[in-house]
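Asks: Taking the hints as your guide, dock the two standalone chains into a single complex.
Residue numbers (our numbering), protein chains in the order written: chain Z, 1 to 147; chain P, 1 to 141.
Source of the hints: derived by calculation from the structure; they are not laboratory data. Treat the hints with care, since some could be wrong.
Derived CB-CB ranges, DEER-like [said to hold, decoys possible]:
#1 P:Val20 with Z:Asp80: 39 to 47 Å
#2 Z:Asn48 with P:Leu2: 21 to 29 Å
#3 P:Phe43 with Z:His64: 36 to 44 Å
#4 Z:Ala122 with P:Thr118: 15 to 23 Å
#5 Z:Asp88 with P:Lys99: 25 to 33 Å
#6 P:Leu91 with Z:Leu97: 24 to 32 Å
#7 Z:Lys77 with P:Pro37: 22 to 30 Å
#8 P:Val78 with Z:Tyr36: 24 to 32 Å
All residues carry an ideal CB built from backbone N, CA and C; glycine is no exception.
Below are the chains, spelled out letter by letter.
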Amino acid sequence: MVKWSDFERAAIQDIFSKISYDAVGRAALSRCLIVYPWTQRYFGSFGNLYNAAAITTNPKVAAHGKVIMAGLEKAVKNMDDIKTTYKDLSVLHSEKLQVDPDNFNLLGDCLTIVVAGQMGAAFTPEVQGAFQKFLAVVVASLRKQYY
Amino acid sequence: MLSKKEKKLIKEIWERLTPVAEDIGSDALLRMFASYPGTKTYFSHLDISPGSAHLCSHGKKIVLAIAEGAKDISQLTVTLAPLQTLHAYQLRIDPTNFKLLSHCMLVTLACYLGSEFTPVAHAAMDKFLSAFAAVLSEKYR
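In isolation and in its complexed conformation, chain P is listed as follows (with noise of 0.2 Å):
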């Protein structure tokens, strides 16, 4: 359950992380390959080294997926449809992985807000990016 002020602290925290779009999801994708090294299966027919071409764009597909989410968060599962045949049909991804994926989102984001990421941001984020995956989920099954 997200608070109007929660809503509106993770739209105006997305905002400011669109123009680094790039850098903050090549950053969190980094992070989970190194802590969850299964994730690497998925990208087989990318390279995935650090500062490739791959990774950045890849990154910044889903950085500026989540800021397009949080922009009206009573609205995901309208904004999220295309995504959620996507990733149900075509990608397949397990949707354990999409936890994974969040919690070093988390870290890149206290990595890079540092002590601007209080304990009331992360508890926030961590709930929309908890919603944002169960949403992404939907269409499985």
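One chain only, chain Z, in its complex shape (with noise of 0.2 Å):
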């Protein structure tokens, strides 16, 4: 089990509660499909991917993006335990979705500078530590079903 001291709690919850959901998703995904563009293998079904104007306002980017947070919103509220609340997730990536986890680290990378960007000074060196290690966990808890 996944030790969070009171710091790291407080940075995470804090970063939730202040971020919007659907302004960060769009913008977080947005820059995965367009930093790392061999992730758009993923949503052939999206339409207009061309480039990155057409990624940043395209609606199924922006509805895929609020989904995703949604998911994140899971584990915050169950940071104690983010492996059995993330396990049917888990399952529907690696069977249904059948998207390679490296991916996992791309997206979390995305978001992390979205955040930032939001957030500027007061995303701190130690509030980004707690922040990526909150992500470390999502994305091994969404791999454990991998098999």
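Replies: Listed below in structure tokens is the structure:
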């Protein structure tokens, strides 16, 4: 079981209470599709992803960004057992969606950068450390059911 | 692959950051130490606490080297030749760590540049730092 310090717990709850799920979800997913274009392979049904402008204004990208944030919120609300909380999501990603789990880190990095851009100096190295630990647990839990 | 536009953008950004090289560099290093504690093992001979002289001078060194590389990206192998030797034979930092510092550098840029660090700028910068790291590790073996 993952141990969270008081600081880490507070930092993560604080971030998620402050960010706009709509804006951050869309921005993070857009960045992932722009910065790492091979991730577009999983979104063939999303229509126009031809350039940065098309991706940032694509309504399906925005909608899916929201879905991702809702998933992350589940982890924030169950920080002491993300592994169990994510069991079905892990099965979904491995068996139905067949996403290479290395992509989770790419999206996580983009999410970190979007949150950093929004929070500015408030996203201190220590806060970043807590956030990245949280993402590492999320990614590990999502990988768990792959075989 | 970096386009002409991207090379220009990268050059401009690092030109602007050169006067604050110490702040940018030390911030990126602190972020790396906080998120990836294993990286601290390379600095046991320095004082890397926030605001320390070692941290500031080291951060400055790194940013100035990156800025120098950004001035003419097509010449990276020439510009970085002495640093290639240093990293391969003396420092021997495992190259996976270059990715970690690059990521933290991007986070520093996001905090510092805010909305100006657009997805396009982010993509260009990520590609540049990857290329920089690849050239840096060329002499390892």
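Asks: If a hint holds in the structure, say so; if it doesn't, say that too.
Replies: Here's how the hints hold up against the structure:
no.: 1; hint: P:Val20 with Z:Asp80: 39 to 47 Å; result: holds (41 Å)
no.: 2; hint: Z:Asn48 with P:Leu2: 21 to 29 Å; result: holds (24 Å)
no.: 3; hint: P:Phe43 with Z:His64: 36 to 44 Å; result: holds (41 Å)
no.: 4; hint: Z:Ala122 with P:Thr118: 15 to 23 Å; result: holds (21 Å)
no.: 5; hint: Z:Asp88 with P:Lys99: 25 to 33 Å; result: holds (31 Å)
no.: 6; hint: P:Leu91 with Z:Leu97: 24 to 32 Å; result: violated (41 Å)
no.: 7; hint: Z:Lys77 with P:Pro37: 22 to 30 Å; result: holds (27 Å)
no.: 8; hint: P:Val78 with Z:Tyr36: 24 to 32 Å; result: holds (29 Å)
Violated hints amount to a single one, hint 6; each of the other numbered hints is respected by the structure.
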